[in-house]
Each structure stands twice: as structure tokens, then as C-alpha cells.
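There are 2 protein chains.
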Amino acid sequence: MHEQPSPERSPSQCAVNALREALGADVVSLPHEFTGRKNSDSSRMPCEEPLALIRPRNTEHVATALRICHEHRQPVVTQGGLTGLAGGATFLGAEVALSLELMNGIESIDSVSASMTVLSGTPLQIVQEAADAAGFMFPLDLGARGSCTIGGNLATNAGGNRVIKYGMMRDQVLDIEAVLADGSIVGGLRKMIKNNTGYDLRNLLIGSEGTLAVITRAVLRLRPKPRAVSTAWCGLPNYDAVTTLLRRAQESLPAGVSAFEVMWPGYYDFVLSRLPELRAPLEGKHAFYVLLESSGADPARQADAFEDFLSGMLEEGLISDAALASSESDAAAFWAIRDAPGEYQRLIPGRVSFDVSFSIADVGVAAHRCEQQLREHWPNATILIYGHLGDGNLHIVVQEPDWPQDTAPKVQAVVYGVTGEMGGSVSAEHGIGTKKLKVLALSRTPAELAAMRAIKAALDPLNILNPGKLLPH
Amino acid sequence: MHEQPSPERSPSQCAVNALREALGADVVSLPHEFTGRKNSDSSRMPCEEPLALIRPRNTEHVATALRICHEHRQPVVTQGGLTGLAGGATFLGAEVALSLELMNGIESIDSVSASMTVLSGTPLQIVQEAADAAGFMFPLDLGARGSCTIGGNLATNAGGNRVIKYGMMRDQVLDIEAVLADGSIVGGLRKMIKNNTGYDLRNLLIGSEGTLAVITRAVLRLRPKPRAVSTAWCGLPNYDAVTTLLRRAQESLPAGVSAFEVMWPGYYDFVLSRLPELRAPLEGKHAFYVLLESSGADPARQADAFEDFLSGMLEEGLISDAALASSESDAAAFWAIRDAPGEYQRLIPGRVSFDVSFSIADVGVAAHRCEQQLREHWPNATILIYGHLGDGNLHIVVQEPDWPQDTAPKVQAVVYGVTGEMGGSVSAEHGIGTKKLKVLALSRTPAELAAMRAIKAALDPLNILNPGKLLPH
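If you read the protein sequences in the order shown, they are chains A and B. Take 1 as the starting number for the first sequence in UniProt numbering and just add one per residue. Take 1 as the starting number for the second sequence in UniProt numbering and just add one per residue.
No lab work stands behind these hints: they were computed from the structure. Each hint should be verified, as a subset may be incorrect.
Pairs of lysine-lysine residues, derived as BS3-like cross-links and limited to a Cα-Cα distance of at most 27 Å, are as follows [what the hints assert, rightly or not]:
#, chain 1, residue 1, chain 2, residue 2
1, A, K225, A, K165
2, A, K165, A, K194
3, A, K225, B, K165
4, B, K225, A, K194
5, B, K438, A, K194
6, B, K410, A, K194
Only chain A is shown next, with the shape it has when bound in the complex (with noise of 0.2 Å):
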């Protein structure tokens, strides 16, 4: 004879309950047992708590899991560094946590082809490190390194500051192997450049934000490391010679572009104003900043030909005014008005920020009518615009000291709106998550979302895996 459920064992404890008994105390816990833990992403969206905590050492854990959570109809939150600005890794409520943090570290590494084989959990910083120390680079960076793991820079196809020569996370995998929501594992680890076997699950998979299946390990591309970085920081009459200046530095540069960011002067004036630490690297005002710089292998030839190449470009009228970086030191004071946004937090809380992208043709005007129409509603808001221009990547921020509390859905209408109108991406980079939801349509035709939805359905056929997140009801 069977027991009758007690009244306190929901359907929810009963999936909890048969992931404890087949993984072990030591593999999931109960909230009791991790009182305290942030459970939150970044992205500053609201977040309930896990009903269980997951911590899985292998794949085949997270197969068992899986496989448990997919018979019982038990949604599962896949949890990386916790650093995801689009809340992707938020609960919802009635869920467990699916967290990589024990499957964290470098299988090996094959100088022959390239390439490392690394569990998810591993942290980006670490696989940088381990690439240089094996005599090659991991190229993608970005500001959460140190936190930041594989698992969620695959789960959401990072980007970062050198995408415009490496590509995005996608274009740094040789392979992955994932558990997909039935428990199934896919992906064979494999090294090869070309394979043309089959649909590409693998980018289907990366970029997925944890709803299509967990990703467990991959094999990583390594690049050649560089030998010389030359850096210098401009300043330019106007967009057309920004985009000009793009073009020829990626014509006539020996090893091509590695960083082509792309400051307005309202956002210049405003870091060099309110950090007294920077440094203006030219005299005078001009109507755009770009940094540029080119990474290569041969430093005497290299240094000579960007002297040259800049020396052309002010001839000819294209830089107003260039300096050159003569040391590291000077490059890095370059970066660091680059990188200011990391003060933010401090210097204008409450802020309204995007990440949208357009095609590099289209950013010089885009930003002019968002600008302009911002302006319309908000004459004396802080408007900062800057970018990876190479990458037609262009990040807005906006900002007025004691806003009604309902300004930030008013600004995101004008923003998002010029970027549906003129066919840009209401995310270039940081995902939708449960943050950009309601924007997505502007990027993706009704056919498209019905596309990605088939496609949800017949792998996740119970849409246990991170639900509510990327795709609107």
C-alpha cells in the first residue's frame, strides 16, 4: 500500500526530495543550509530564493539532475559567476539552483591544436591566465573576469573589448558538451575547426541563457599571443571621419584593429570632470574621441607603421589631433577614460543604461536622435554615449538627480524606440533575460519569437529550464 502525500510535500519537494536521495547532502542542499548565499544576478531585477541548491561535480551529476527535475516538471535556474546584467539567472519562484561553482577548472591544455578543454564553472580569468602561461591568449575580456565563468559567458555569447578582431564568445569554441533538459548529454569535446555534420547545436546551445540546456564543459580556441600593442588615443571633426578613420585603420594597419572605441564629447567631459584621477590626453575640444589600437607580432615593424598611419591620418585631415601611448603606462591612462563606466556607481547612481546595437552606418545617427529626443523630455539630463564602434555597438546612458520613479520605463521608450525604428538590436551583447522581455519584439519578427519557440518546445518540451527567461509568454 502506498502512503498518501502529506500535505507539506508539494510537487516541488518531491523533485527536491529524489535529488537529494540520488545526488547526496553534499551535492544539493536545502535553503536552511544556505542561508546567506546570493542568489541574484547583477542585473538588479527582482529575485525570489531556490528551493534547492545544486552543486554538481560532473556531468553526469547534472545529467541525474536533469533528468530527476525533467520527471518531476521541476524548473531549474543554471547559475554561472552570478554576473549577468539582464537577469537571466533571477528566480522567479518554485525553482532550484542549478549552480557550476565545484565544476571549475582546466582539463587540459593542447598546444598543438590550440585549444583547452575547461569545466564550465571555471572563471574567465582563470582560463586567461592559463592560456598565457601556456604561451597563447584567450581573447575575450570584460570587467567581471575575475567572477565572470565560461558557463556564462557561453550561456549568454559574451562580448567584451575585443570583439571587433576575436569575434564574440561563440567565435572562441572549438566544441561544447551540454545536458540538455531530459537529461541527455550532447557535444563531443571535439578539436576540429570544420565540421560540417549535422545542425550547428552547438551555436544553438551558446546564447541560449541557460533555456535550451546547461552547458557543462567546452573546448576552447586559444590564439597566438601578441607581441606589441600600439595604442593612441585621437580626437575627430566629425562621424564621418570616425568611421573613415575605421575603414583605413583596417585597410592599412599590418596587424589590423584590435580596439576601435568611440567617445562623444559629452561623455569625455564628464568622466575628465568628475574623476580627477584621469588625464586629458590632447588639448582642446573635439567633436568625437576614439581610442585606437592594433595588437600584433612584430614589434619594431608594427610600432613604425602605426606612426605612419597616423601621420597620414592628420595629414590628410581625418584626426584633428592624436597621441601616441610611448609606454604602457600612457596606454593605460588612455583605458582608463575608457574605462570610467566602472565608477558609475558612484558617480551617477540611479541611472538608466542600454546596450544596443545598429550597423556601424547607422550609430553616428542613431545616437544624434536619441540624444535629441532625450533632450525633448529631459534638457538637463546627464547623457553619456560611447562604444565599440567597430562592432556597431553603442552603449547610452542616462541620468537626472531626482527623477520621478517612473522616468526609467519614459526613457527606455525613446532609446528602444529609435532602435526598433531604425532596425537595431535592443541587445548587442548582454542578452534579454527577464530584463529586455518586453523589448525583444523590436528586434525579432512575430515569425522569428514563433521560430524560437518551436525550437524551445522540442527540446524542452516540459520548459523546466530557466522558465520565463529570453522568450515573452
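Based on the hints, put chain B in the right spot on chain A.
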């Protein structure tokens, strides 16, 4: 009262009638109207005749055609330039043909965003020439450039000669427009490099060999045109030297490596002895031959750096001997040795050919094992081995005059056996089509094939798009 269908009005004929009625006789032709037309691809796989030939003039025609085929459960085979080698565009019986030959042309070139919007029936060579005329380079390149189309390149994720520097077809695309099985249109032809808004439909459809969608237009990414090409022919003492040379070249050459083609001595001796127009670039015999190319922006500095690099490698003994191309005709003479497979039809009829890949570290062992095992069975066979080593891509060609007819499957068992054992890919760049259906499972696990089938069922529930291709039953 409804008319009874007459006996000759099969379901397929209903579909053909509906297509002709909706799209007109200039778009939908009947078999007697296209007699003599070539319908098979270049795979030499068995091929039936299509029931009708649809030649849409725009995306709406494609959408209408697929909507009608969907309603009638009418299978469709999409045709590009019919140069595929895997039997992906063959007719298995009772399909209609959808040829994109009239959707041919470049719609726009955006020099600022470095992109080109094209109809997918446009031949690759037309795109290359238009990019060149606009001051850019479209880097995808393969032997069939004059006939293959951008749509076919996308459907198969084509590879070719420049993958080591520029990637495969998926790396040359910013966005696509495609029609799904039910006639819905996806893809916004957006020009952004960064766009993290939901699942990566673009990469899912690219390489799906006509089984998930018909790709109608694409925004292609253009690259800076190289101003200088440095080329050398090298003889090397052993396989370790080959992989070390690759790594050193990637680390040291200011413009990187744009080709690294490796030829085993069996290949080299064969093509030089059979093609009297070829000249040996070096005296003496070597264990391996490498064609090394570096393409960049700075003619004078690049030539110096390339020569310095080769001198250093000769001094270290990584290269036994090298010939530097001092003119375009020298470089062309080196490439002629690598391009000799264009003469195979005449030189080695009845050959069995392979397009496999391995991790770069495994290529040497894989080639050795294949050759050894093939020799055990066929001691006197011609065995030619060469490939794009920088991509891990190995081409193997095997032939013996007067082989019994059933030899090909035995040869395939040997090479695909080694490929499966060593975790390689049974199709590096040609795709699966019908030709490699039986060996797909050597490179994909049952869970992966199940996930692919779920995706196919989600996006093409009635299995009308290129049924019987890419995925085994």
C-alpha cells in the same frame, strides 16, 4: 457537391496545379517544359526527376510556394548552383525543384558598414568581383566559384581555401532572410555584428542543407582587401616540424597566416610525375611539403618580415629547404601544385575521395593510420593525402586501376573507421547530403541526432524540406 479527384490527379499533381495557379507558368514549369535541364548536383549520387520546377523571382514567391507545398505535404528540393559534392540537392522521387537561379543579384553595398546585401541565387564569383570593385574582399573561395551560389554556400556552410584566416561561410554573414517550411519569413537582414536577441536562428539555418528553410537573401560581411601576399613553398623533415611551423608562423608573421596547405610526399610525387606542366619548387625529397601564405596591408614591411621568418625557420631546422615566391607567377606555380586535384577526373578516374577533419594534433597520426591500413588491403593503390592543416582538414584520395566494383565501400570502411576511432569529423566541409548519411553517426552521438531530429520536427513538422537528406531515418 465536390468533384471526385480523377485518378491521374495524385496529391503531388494537386500541389503542382496549385503552385502553377498561384505563381503562374513563368515561375512554375512542368517537366515537358524543362526537358534536358541538369537537375542533379555534382555528387554522382542517384537522382530522379522533379515533378515541377519552381523559379521564384522574389521572397514572396518562395513564401507562397512553400505555403502551398506545406498545405499539400509536397516535398521540395532547393537548388543553388548544383555544385554540391554530398548529394544534398538530388531528387529521391516525387519532389518539386525550387531553383533560386532567378533570384540573382547584388541589392546593395554599404561601404561604411562593410557589408553587401545579395539575393541567394547570386554566384559566389559575382559577389567576389563586386566586393573587389568596391574596395573590399569577400574571402570565401572555392573551385566552383563560377557556378556555386551564395545560397548554396550558406546551405552547406562552405569552407574552401581561406578558412584559416577568415573562417567558413557562417563567419562571412551578418544576417540572412529565409522562408520556413510553412511559408513564414524569418531574418531581418540586419547589419549588426553584435546581436544577442534570442536563439541563433541564423547559424541553425546555415549548414542545414535545405532541410530547415530556404535561404532567400543574405547580408554578407566584407573584409579589408589585402595589399600584399607573401608566398613560400617549404620542405619539412617530419610532422612535428609541420605543426611547429604552423604555430610559429601564426605567432610571428605580422599579417598572420592566410594559407597553410600541407602535402604528403605521395601526393607531391604523383602530381609532379603526372602533370608535366608543374615545376618542382625545390630540389630533393622531403617528408612534408607546405605552401605557406601571409596576406596583409603593408607590402614593404610584410615582405621583409616574411623573409626574416623563413630564414629563422631554416636556421632552426624546422624547414629543410624553402622557395620564396618573388612574383605572382612564382606564387601561381606553387598553387598549381596544390590545385592539381582539378585534374583528378583525367588522372585518376574511379577514385574514392574523403573530406575528413581531426584536431591539428591528430592529423599526422590519422593520415599515417589511414595509409597503413589502406596499404594492408591494397598494397599497390595510389594514395594521395593533403589538406588545409590549419583547419585540421584532410583530403584523402584512394584509387587502384581495375578495382572490383564493390571496393569503394571497403575503402570507406577503413578511412571512416579511423575517423570515428580518433574522434574526427566525417565531413569537414562538404556536408552530409545523401552521400554520408550512413557514416554521420561516427561523428554524432545518438543524443545529438535525436536533438537534431527534434529541431527538424519543430521547424518542418510535415518533413517537406529536402526529406531524406542530412539526417538518417
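Evaluated hints:
{"no.": "1", "hint": "A/K225 <-> A/K165", "result": "holds (13 Å)"}
{"no.": "2", "hint": "A/K165 <-> A/K194", "result": "holds (20 Å)"}
{"no.": "3", "hint": "A/K225 <-> B/K165", "result": "holds (16 Å)"}
{"no.": "4", "hint": "B/K225 <-> A/K194", "result": "holds (24 Å)"}
{"no.": "5", "hint": "B/K438 <-> A/K194", "result": "holds (20 Å)"}
{"no.": "6", "hint": "B/K410 <-> A/K194", "result": "holds (25 Å)"}
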